[in-house]
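In our numbering, the protein residues as written are 1 to 66.
In short, the hints are calculated from the structure, not lab data. Do not rely on the hints blindly, as some may be mistaken.
Estimated spans, in silico, between C-beta atoms of each pair [what the hints assert, rightly or not]:
1. LEU31 - GLY52: 14 to 22 Å
2. ALA66 - ALA28: 12 to 20 Å
3. ALA56 - PRO30: 31 to 39 Å
4. ALA32 - ARG63: 29 to 37 Å
5. ALA29 - LEU61: 17 to 25 Å
All residues carry an ideal CB built from backbone N, CA and C; glycine is no exception.
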Amino acid sequence: MTETDVTDAKVIADVPKGRNQELDRRFAAPLAIGFHLVDYVVHGWDVAASLGIRAAYDQDLVRAAA
C-alpha cells in the first residue's frame with residue numbers, strides 16, 4: 001500500500017452496497033471486538049518498538065488477543 005492508496009481511499013460508508021462483497025459481510029460483535037483487540041495489541045507493540053520502548057502486556061491480554 002502506498003501513500004497515494006491511503007490518501008485517495010474513500011471511507012467505507014461511501015462505497016455503494018453490493019459493489020464489494022467483502023464490505024457486505026457482517027460479523028458477530030464478539031468477533032469484531034476481537035479483531036480490534038488484536039489490532040490494538042499489534043499496533044501498540046509496533047509503536048513501542050518504533051520508540052525503542054519495550055511493550056509489556058499482561059498474559060491475560062496476550063491470551064485474549066491470540
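Going through the hints against the structure:
| no. | hint | result |
| --- | --- | --- |
| 1 | LEU31 - GLY52: 14 to 22 Å | 34 Å, violated |
| 2 | ALA66 - ALA28: 12 to 20 Å | 19 Å, holds |
| 3 | ALA56 - PRO30: 31 to 39 Å | 26 Å, violated |
| 4 | ALA32 - ARG63: 29 to 37 Å | 19 Å, violated |
| 5 | ALA29 - LEU61: 17 to 25 Å | 19 Å, holds |
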